[in-house]
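The opening residue of the sequence shown carries number 1 in my numbering; numbering runs sequentially from there.
Quick caveat, the hints were computed from the structure, so don't treat them as lab data. Hints are not guaranteed to be accurate.
Taking lysine-lysine pairs in the DSS-like style, the calculated list, with each CA pair at most 27 angstroms apart, reads [as the list claims (entries may be wrong)]: (1) LYS405 with LYS297; (2) LYS338 with LYS297; (3) LYS338 with LYS405; (4) LYS405 with LYS344.
Restraint ranges, calculated between C-beta atoms of paired labels, are given here [claimed, not checked]: (5) ALA322 with PRO232: 42 to 50 angstroms; (6) GLU22 with HIS370: 46 to 54 angstroms; (7) ARG280 with GLU22: 37 to 45 angstroms; (8) PRO229 with ASP388: 46 to 54 angstroms; (9) SER277 with ASN328: 46 to 54 angstroms; (10) LYS344 with ILE26: 21 to 29 angstroms; (11) SER19 with SER349: 51 to 59 angstroms; (12) GLU22 with PRO477: 20 to 28 angstroms; (13) GLU283 with ALA466: 18 to 26 angstroms.
Small disclaimer: the values here were computed from a predicted structure and weren't measured. The beta-carbon is built from N, C-alpha and C at its ideal position, and this holds for glycine as well.
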Amino acid sequence: MKLREYATHDATGLAQLVSRREITAIELVRLAREAHDGINPTINAVVEFYDDAESVPGSDSGTFSGVPFLRKDTGATEAGRLQEFGSRLFVGNRPTVDGYFIQRARAAGLRVLGRTTTPELGIGSSESALCGVTRNPWNLGRTTGGSTAGSAAAVAAGIVPIASGGDGGGSIRVPASFCGLLGLNPSRGRISGGPEQQDPWFGLARNFVMCRTVRDMAAALDVFSGSHPGDPFIIVQPDRTYVSELSQPTGTLRIGVARTRWGAVDIEPDVMHAVDSTVRLLEEMGHTLIDIDAPYKVEDVYRIFVGLTSLSSGSLETSAQAMGRSLNAETLEPVTLKLAEYGKNLPLSHAREFHEDLRIMRLQVGEALHSFDVVVTPTMPTVALPLDGVHRTTDPTISAEDFMKADAALYSQLGIFNITGQPSVSLPLAQSADGLPIGIQIVSRFGDEATLVRVARDLEEATPWAARRPRVFAGDPE
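With the sequences and hints as input, model every part of the structure.
This is the structure in structure tokens:
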């Protein structure tokens, strides 16, 4: 198989070739390595491609048997492998257990070949002091978005067809929108974070994957869904597989549409045009669409995420002690250090207020949206931002407060569904006038990924995106 042919297959397609013995898992690993070696120096998506990649474990009979896979350098752990969180504080950190997510990946036949870049501790966009800048394959002067920066760039550029991500406030959906991919953030409790990260970010963060097709998303839901002993959130599993939902009728849905901004940044004209086009498609499919305003105030979302980030950062002192290090400018980036200093001085009452804010927001948004089967919003109000136009944790001139306000201004329409726990997916339904991807976010009721799969299938059939390719893509001439 030529490299270009490898890169254009999705994960399901590669697994089918392996099952028919038209190619072997080892051959696919070697193609992934070839793609990495040719492209990664340009986009800086992969921190480490394992030297022993050809011998990593993986089932020979699973859903994704033999398919190359990369792991985001936060979230799910691999025993004995480095996990450094994009931070100098954690250089050399090697977890001692495999996360359930990795166990399920291997049982499905995925070959975990390395780890991908992330901003420090998953805070920020697409750069870190430890790993440098990750560049968008569609335009090297643009950000991939974060924090699943490297996984998004690697999948978009064809290094692998599928890679892990994590989303605590948009970190799967933002890079999916900016890099022309599918990015699903599942319902709270759908994917176990155990055994060591069962309640990440106070229940707001979930692990899943970046991929390019709806059938890969559905198959990945079947692979990774399920609870484990000790999980704090247990969700009922569906009667049917998600792959079987691909052949089920969608029915007629009541859909809420965000045509006004749900954050503090105006929606760009190209993005608004993409929303309008999606609405027309859904109307032609027979659904009922109703315009709705944001069911929250941006400042309330900002307050919750400041509380969340501050409380999480405040625990870094314990992590530093475990690593035999201290929190200072040599181990943390400027904004992260400011957040850590702020967080460790918070009174106990701050945690109580934070949880009360969460409770009120869930109730408020739940009551406002309960009559809708699905909600449609722009994933982001803009296309991928210029690298010099994003707020960075490496910037010593920005305060922690201003950094978090900038986050809330752009990401409120994403983070709100981490708060409510609802599943939401960014679909690559459009492109801007200059060819940059535009994602549309589809949100369903809590626990109803099945409806998302069916709606995503319908939109993929109406607006095929699989043939779109970024400027930097495996197998293309330089």
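Verification of the hints:
1. LYS405 with LYS297: Answer holds: LYS405 to LYS297 is near 13 angstroms, not above 27 angstroms.
2. LYS338 with LYS297: Judged against 27 angstroms, a Cα distance of about 26 angstroms means the pair holds.
3. LYS338 with LYS405: 14 angstroms, holds
4. LYS405 with LYS344: Answer holds: LYS405 to LYS344 is near 20 angstroms, not above 27 angstroms.
5. ALA322 with PRO232: 42 to 50 angstroms: 23 angstroms, violated
6. GLU22 with HIS370: 46 to 54 angstroms: Check passed, 49 angstroms falls within 46 to 54 angstroms.
7. ARG280 with GLU22: 37 to 45 angstroms: With Cβ atoms ~41 angstroms apart, the hint holds.
8. PRO229 with ASP388: 46 to 54 angstroms: 48 angstroms, holds
9. SER277 with ASN328: 46 to 54 angstroms: 50 angstroms, holds
10. LYS344 with ILE26: 21 to 29 angstroms: Violated - the Cβ-Cβ distance for LYS344 and ILE26, about 49 angstroms, lies outside 21 to 29 angstroms.
11. SER19 with SER349: 51 to 59 angstroms: Hint holds: Cβ distance 57 angstroms, inside 51 to 59 angstroms.
12. GLU22 with PRO477: 20 to 28 angstroms: 26 angstroms, holds
13. GLU283 with ALA466: 18 to 26 angstroms: At roughly 24 angstroms between Cβ atoms, ALA466 and GLU283 fall inside 18 to 26 angstroms, so the hint holds.
Checked against the numbered hints above, the structure breaks hints 5, 10 and satisfies the rest.
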